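Asker: Okay, here's what each chain looks like letter by letter:
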Amino acid sequence: MHRSLSIVSFLVENKPGVLFNVTNLFRRRGFNIESISVGPLDDPELARMTITVRADSRVLNQIVEQLDKMVDVIKVKRLDPIRTVAREMILVKLQTSDPMAREEALKNINSYHGLILDIDAESIIAEVTGETEMIDEFLKKVSPIGILEFSRTGVTALEKGRLRL
Amino acid sequence: MLRISGAEAFVKALKREEVDTVFGLPGGAILPICDALYDSDIRFILARHEQGAAHMADGYARASGRVGVCLATSGPGATNLVTGIATANIDSSPVVAFTGQVPIPMIGTDAFQEVDIIGVSASVTKYNIQVRRAADIPWAVKAAFYLASTGRKGAVLVDIPKDVQVSVEDMEFPEKVSFRGYRVQEEPDPRELDWASVLLSRAKRPMILAGGGVISSNASRELVALAEALMAPVATTLMGKGAVPKDHPLYVGGCGMHGTGEANTLLAEADVLLVVGARLSDRTTGLVKDFSPNAKVIHVDIDRSEIDKNVETVTRVVGDARLALVGILDRLRRIRLESSGDSEWVRRINELRELYVMPEAKGNPHMRAPEVIKALRRSLPRDAIVTTEVGQCQMWASLYFDSYAPRTFLTSGGLGTMGWGFPAAIGAKAARRDVPVVDIAGDGSFAMTENNLATSVEEELPVIVVILNNRMLGMVAQWQRLFYGRRYFGVELGKAPDFVKLAEAYGAVGARPESLEELEREVRRAIEVDQTTVIDVPIDPEENVFPMVPPGKGLKEFIMGA
Chain A
1 MHRSLSIVSF
11 LVENKPGVLF
21 NVTNLFRRRG
31 FNIESISVGP
41 LDDPELARMT
51 ITVRADSRVL
61 NQIVEQLDKM
71 VDVIKVKRLD
81 PIRTVAREMI
91 LVKLQTSDPM
101 AREEALKNIN
111 SYHGLILDID
121 AESIIAEVTG
131 ETEMIDEFLK
141 KVSPIGILEF
151 SRTGVTALEK
161 GRLRL
Chain B
1001 MLRISGAEAF
1011 VKALKREEVD
1021 TVFGLPGGAI
1031 LPICDALYDS
1041 DIRFILARHE
1051 QGAAHMADGY
1061 ARASGRVGVC
1071 LATSGPGATN
1081 LVTGIATANI
1091 DSSPVVAFTG
1101 QVPIPMIGTD
1111 AFQEVDIIGV
1121 SASVTKYNIQ
1131 VRRAADIPWA
1141 VKAAFYLAST
1151 GRKGAVLVDI
1161 PKDVQVSVED
1171 MEFPEKVSFR
1181 GYRVQEEPDP
1191 RELDWASVLL
1201 SRAKRPMILA
1211 GGGVISSNAS
1221 RELVALAEAL
1231 MAPVATTLMG
1241 KGAVPKDHPL
1251 YVGGCGMHGT
1261 GEANTLLAEA
1271 DVLLVVGARL
1281 SDRTTGLVKD
1291 FSPNAKVIHV
1301 DIDRSEIDKN
1311 VETVTRVVGD
1321 ARLALVGILD
1331 RLRRIRLESS
1341 GDSEWVRRIN
1351 ELRELYVMPE
1361 AKGNPHMRAP
1371 EVIKALRRSL
1381 PRDAIVTTEV
1391 GQCQMWASLY
1401 FDSYAPRTFL
1411 TSGGLGTMGW
1421 GFPAAIGAKA
1431 ARRDVPVVDI
1441 AGDGSFAMTE
1451 NNLATSVEEE
1461 LPVIVVILNN
1471 RMLGMVAQWQ
1481 RLFYGRRYFG
1491 VELGKAPDFV
1501 KLAEAYGAVG
1511 ARPESLEELE
1521 REVRRAIEVD
1531 QTTVIDVPID
1541 PEENVFPMVP
1551 PGKGLKEFIM
1561 GA
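Here the protein sequences come in this chain order: A and B. Residues 1 to 165, numbered by the numbering used here, are exactly what the first sequence covers, in order. Residues 1001 to 1562, numbered by the numbering used here, are exactly what the second sequence covers, in order.
Treat the hints with caution; some may be incorrect.
Said to hold, decoys possible - Computed footprint of chain A on chain B; a stretch qualifies when at least three of its residues, placed anywhere within it, have a C-beta under 8 Å from a C-beta of chain A:
{"id": "1", "region": "1179–1188"}
{"id": "2", "region": "1302–1310"}
{"id": "3", "region": "1495–1506"}
It is worth saying that the hints were derived from the structure and are not from the lab. Keep in mind it's a predicted model, so treat the numbers as computed, not measured. Where is the CB? At the ideal position from N, CA and C, for every residue including glycine.
The following block holds chain A by itself, in its conformation from the complex:
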């Protein structure tokens, strides 16, 4: 069966232990999390979580149902893949003590519409935002320059137009 990458987005009670219970559910039932992102909403008692998973349709259905069953999960939706915008952000620190490397880094950051957050004699920290595949591609491009470290946020996503969670 086809195991494509899917995005599940859900509202939860914004209180201690909920993130544990959600990840505990995924662990216990053997669902693999590819990425997870969480943030509070305008109502401070609520938070929105976005999880990307690789699963066939049967498992995906179980993930949605099992999440929905949790007392602290208020609303769950598998986002419609063709009507969803999804983004993640990466912070990357590049080795740029060599002027050639620095030039190459700046060129790449520019072409991926990145921002430069910090520069010193040895390194640059850049911020790049985009779809997961684009971030992967960017990392591949800059890896010959020398990546000192990086950190990705995981995917966050919204459905287009009238669609709501």
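The hints should help you fit chain B onto chain A, whose structure is shown.
Answerer: Quick look at chain B alone, frame taken from chain A:
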């Protein structure tokens, strides 16, 4: 508004839930609550190990349909409850467990008897709560009872730090609690009922599989009415036993790994299968692709995550089992049934029933387990409650003990917890003083929680334990005989203990009958004298439970003997 301590508010909140009995064991971190209970009329049943307390609460809940309550201290008290909580939760039994906890400032310091019971119990409860303020206790108790007893019922744990029990605050007792993320759909969607009814009305060979949900929602009467309207045979899962009286002509017994030949065969032949309140576990379905392969499956369950989890369905009805059955019955009365009473199908039930009568074993000097169970049945009133331990004794009880009413056959189905039956029987007795309660036990299982003899005797909750004593961990031994070339490993229990002397040591009655007649006499006497009685029945150490579907096989491939 009342200004009282957390512990006093706790007792008041229990009273508001009409709690009459609490099973437990005290300890340091729950002392303020014990002290508040001292002044109440709630009966406290002292277990000798917290696992027993949890099973007692579970037995109380299953026998009565009310929430069972257990209580323990922090640390080891709390972790000892865990097996009992898990057992109740997987079988959707409404149990609320209260644990003491070290004072809030000490949480996270690895203090004496500190265990993160919230983390530990997360996977085996429906919900858990750590109370952080005394003023939240009334809400937490109300919430725990509400969650445990609604929707798909289950176990809820409430952890109460000691300083929270002591703290005096203004208390408000809510009439209702709600959770934004917890909605129970009791009333089924009419369109789902329409679909289910149309499918059933067109069936040539309809069949019903009833699970524990039928008992939990008190839907036995409606289930029988539907079966009669459709002339459909009814099988039960282990948890559904008792939902249909054994002597009903459409009842074909349990299905699954140790189901009856007729139930497992009919499942393979049915063209429409209505599953009601069952989660279709591996023990029930056998190899999933061969489970009722010719049937369109309709699944009724209050927990929508169970539908299509293990078995693919054609249509679903999400909602309370009783309301769903009423809805389907109403519709069937309006639709003209196209195939009701298909005489061929009904004849098939009786044909198979006669075909799969177990052969008598000849020339064996031992009492045979099925005969022991039948003799026990003869000596009990129709409404007696039976609990079981786990293993061969449980499967023999499932196959050969005739149950006639819901809540009279109680067993650890999902978790298969050895040692469950005896404390659960004590809990059931606390709920139902009016009927005899019998634990059908094996020697291995009974030994796991036999210390509860003290509770049964001291608390005057007399139950009868009938031990099918093969001096073996019998089911494991059976698998080793059948699938591991008789290489016995870790299953031979030897002669210890002498269960008659053990019973006597606790002040209970012990007996070792040498014939079925003697067994019946002992059971009748135990009922009459109303004393805790252990009846030790020696059986053949190598007797097998049949029929059996070998692991990994389809239900139709059951074997009747080795």
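Asker: All hints are to be evaluated individually against the structure, with a verdict given for each.
Answerer: Each hint, compared with the structure:
1. 1179–1188: holds (count 4)
2. 1302–1310: holds (count 5)
3. 1495–1506: violated (count 0)
Checked against the numbered hints given earlier, the structure breaks only hint 3 and satisfies all the rest.
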